[in-house]
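Engineer: Chain by chain, the residues:
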Amino acid sequence: MDFGSLFTNVVAEMIGPTAIAYALAAIGLNIHFGLTGLINMGQAGFMLLGAYGFAISTIAGWPVWAAVLVAIAAAVVFALLLGIPTLKLRGDYLAIVTIAAAEIIRIVGRSTSLSSFTGGSNGLLGNSFKESFSGASPFPDGRFSLGPFTYSMNDSNSWWLRIVGWALVALACLLVYLLMRSPWGRVLKGIREDEDAVRSLGKNVYGYKLQALVTGGVLGALGGIVFTLASSVQPDSLGRPVTFNTWTILLLGGAATVFGPVLGSLLFWGALILVRGLLRGLVPETILSTQQVEQAGWVLVGITLMLLIVFRPQGLLGDKKELAINVR
Amino acid sequence: MQVIAPPGAHVRRRLVLLVLALLTALALPLLASGVAPARADSAGPCTPAADVACIGGTIRTAAGDPAVGVVLTIEGSGDPITATTDDTGRWSAQVPEAGEYTVTLDVATLPAGESPRDGTTTRTVTAELGKTKGALFPLGAAGAGGGATSGATPTASASTDDSASADASAAATVPPGSATDETGSGETGGAGTNRVLQLILAGIIFGTLLALAAVGANLIYGTTGLSNFAHGDLVTLGGLIAFASVQWWHLPVGVAILVAVVAGGAAGWLLNAGIFAPLRRKRIGITQQMIVTIGLALALLSTYMLFFGANPLPIVRTISTRLTIGPVQISEQSLWSLLIAGVVLGAVAWILQGTRVGRATRAVADNPALAAASGIKVESIIRGVWITAGALAALGGVLVGLYLSTIRFNTGSALLLLMFAAITLGGLGSPLGGLIGALIIGLVVELSTLVLPNDMRYASALVILIVVLLVRPQGILGRAERIG
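Chains as they are written, first to last, in our numbering: chain A, 1 to 328; chain B, 329 to 812.
Derived from the structure by calculation, the hints contain no laboratory data.
The reader is advised that the hints may include incorrect statements.
Claimed, not checked - Computed from the model, here is a short list of chain B residues facing chain A with C-beta under 7 angstroms:
#1 Pro439
#2 Leu598
#3 Leu745
#4 Phe748
#5 Leu790
#6 Ile794
#7 Leu798
#8 Pro801
Stated by the list, open to error - Now the stretches of chain B that chain A is said to cover, found in silico as 3 or more residues with beta-carbon under 8 angstroms:
#9 616–622
#10 625–631
#11 774–785
From the three backbone atoms N, C-alpha and C, an ideal C-beta is built for every residue, glycine too.
Taking the hints into account, I'd like the entire structure generated from these sequences.
Structural biologist: Here it is in structure tokens:
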């Protein structure tokens with residue numbers, strides 16, 4: 001059992017694109033759930049739309065900034081389509097509608113009839129849309145080592161992606177910090193605590209909810225772009241489990257906090273790699289094969305989610321008084 | 329710069345391969361028309377030899393084009409093997425030893441609008457050393473082209489070619505549309521009306537099974553207000569237990585169904601006693617409980633994959649007789665499933681409407697506090713509902729597994745949203761509405777294949793779910809007071 005390399009793997013995962021992508025998605029979910037109290041069970045759908053929007057428009061020859069705008073626009077449209085009809089209904093309806101809508105996107109995306117656009121269930125290969133992003137890097141090509149971590153400077157799973165990704169996370173945190181202190185953010189919190197009270201003050205609750213849904217969805221789409229820039233657009237890799245993981249991350253770090261989602265993502269991925277590494281190192285191959293170790297990791301994620309929501313719904317950083325999880 | 333050279337060579341090699349593949353594709357019509365020249369050079373990865381046994385075949389769409397990228401799983405002795413069809417629709421796999429193997433077609437990888445013509449996705453093949461045995465999957469609209477050879481497994485007529493050479497797989501190539509591998513396909517030759525009727529029948533069967541699987545979720549919602557996201561995994565549990573009973577412990581199917589139902593009921597009891605009853609006592613909010621079911625769903629799903637792997641598992645390996653009733657065909661197995669589901673649903677409806685327990689359950693659903701005040705033991709009613717829900721979900725899982733011919737670790741969770749769609753459409757908390765909703769969803773799912781690609785049919789049901797929530801959130805038979 002090589003603890004040195006296990007530790008390196010854990011840290012590498014914590015600074016890697018997956019943790020970044022989930023942190024962005026969880027910050028978006030925090031705006032939905034932590035600030036506004038909306039139960040969005042389709043965050044993976046926003047991520048998948050962002051990924052498709054970015055990749056397809058890049059393949060069509062659009063520059064990076066335009067492709068990112070397409071991804072954002074796709075998320076905005078999706079949020080409006082979902083939100084306009086459902087935000088007037090009770091909370092658990094929004095949960096079922098969002099999860100169904102995310103599934104629709106995945107099913108349509110993996111359908112063979114659209115494979116000329118989406119690549120069907122094989123998805124879009126990373127190399128077909130990564131060029132323009134790595135081309136936008138100001139750094140020289142080649143590989144770069146920082147301590148034990150060696151990645152290529154610009155290609156695919158690169159330092160460039162990590163730098164841009166963490167910069168996005170920092171910007172998103174700043175945005176949430178500013179929003180929480182703005183009058184707009186206070187209205188959102190008011191909606192979360194008591195919708196009718198806010199309505200009686202003459203605020204347009206419906207409009208505020210819609211704005212929150214759009215903002216969080218756009219952050220989800222950005223997460224989706226980071227996620228696919230490290231690998232490829234594969235509809236089944238952004239399915240329902242991704243949404244559930246994002247929820248676990250948000251509840252682990254602490255909803256309604258600025259750094260909760262980021263801390264949650266770091267801990268979630270670090271712990272997952274640590275547990276898998278320990279199981280792989282300590283349990284003989286004959287009892288648990290490599291693939292089974294992976295599944296065992298997900299079993300633990302599910303159990304963690306159950307325990308968290310019951311025993312510590314405010315997560316690590318949250319304030320229990322601030323978090324009223326109620327159907328509305 | 330040294331690094332650059334090999335990729336270049338690689339590209340060139342790939343180009344050559346591509347050209348070869350194209351040539352083979354062009355040559356295929358010749359093969360199909362029975363000319364079958366020796367083509368041992370490109371027979372795919374498996375070439376039979378004295379110590380090598382192969383299973384192979386060619387899959388083509390109803391129009392006769394090669395179906396590229398279709399994934400098949402071959403299970404028998406040793407680890408499961410997957411094979412993928414190449415540019416010519418051809419696939420082959422080398423199996424570790426002679427013996428019986430089950431070839432399962434992954435329907436999700438079929439080209440749009442295609443499905444196995446006889447509606448089954450598994451074939452049983454006896455592999456022999458030095459030979460390639462065929463496993464044929466004629467494609468076409470489901471049910472439109474008649475069934476497999478009645479009574480026997482399709483392979484009985486498929487692997488007639490025993491000449492020990494590589495062209496066995498080529499000879500086993502039967503273009504869909506030619507009736508050489510079928511008998512009794514005359515009366516269902518694929519006329520338009522028959523296809524619609526066949527799809528309607530398939531929709532009714534699927535809808536009834538869906539109703540059976542979903543009724544438990546509806547009862548739980550009705551009595552406790554909880555949307556149980558782990559219900560799909562209770563459905564999977566039933567199918568997997570039935571698979572283990574039949575294939576591992578060699579129990580007869582009838583006994584396996586009983587085992588699965590008992591296990592499902594036990595699982596329902598355990599979930600209530602171990603998780604949800606304590607949460608209700610702690611007065612944990614209903615939304616928190618819903619997120620608990622989501623974590624539970626994730627944990628159960630991964631546990632199933634841990635123990636059963638990701639491959640489709642056939643509960644029964646034999647292919648059941650297909651009966652022809654007027655213009656439609658139904659397999660004996662599906663008919664039995666339909667009957668069992670119908671009887672059980674009827675029994676549930678009778679218990680709810682006609683017995684004291686049923687009245688008590690409805691009272692709890694209406695108003696738990698009032699029910700408790702009038703002497704009903706609310707907790708024991710809820711316990712009963714959880715046990716019933718688990719047992720019914722497990723029964724639904726077995727029947728769905730038999731109907732789809734295989735069960736996978738995610739069969740139930742893939743159906744979860746369809747179940748939600750069914751009970752939302754019918755009216756949350758209304759069991760009769762659930763049945764109506766499930767039948768509508770089943771019909772829509774099957775009939776949507778008339779206009780939509782086959783792999784998008786579940787999406788159509790989810791669109792209905794969303795539209796219903798917008799237009800009539802309480803559903804067909806639901807009460808308006810339930811909406812916020």
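Engineer: All hints, please: hold or fail.
Structural biologist: Structure-based check of each hint:
1. Pro439: Hint on B:Pro439: holds, closest Cβ of chain A at ~5 angstroms, below 7 angstroms.
2. Leu598: Check failed: Cβ of B:Leu598 comes no nearer than 14 angstroms to chain A, outside 7 angstroms.
3. Leu745: Interface hint status for B:Leu745: holds (5 angstroms vs cutoff 7 angstroms).
4. Phe748: Where the cut-off is 7 angstroms and the nearest Cβ of chain A is about 6 angstroms from B:Phe748, the hint holds.
5. Leu790: It holds, given that the least Cβ distance between B:Leu790 and chain A is near 4 angstroms, below 7 angstroms.
6. Ile794: holds (5 angstroms)
7. Leu798: holds (4 angstroms)
8. Pro801: holds (6 angstroms)
9. 616–622: It holds: at least three residues are needed, and the region 616–622 of chain B offers 5 whose Cβ sits within less than 8 angstroms of chain A.
10. 625–631: It holds, with 7 qualifying residues against the three required.
11. 774–785: Holds: 3 residues of the region 774–785 of chain B have a Cβ under 8 angstroms from chain A.
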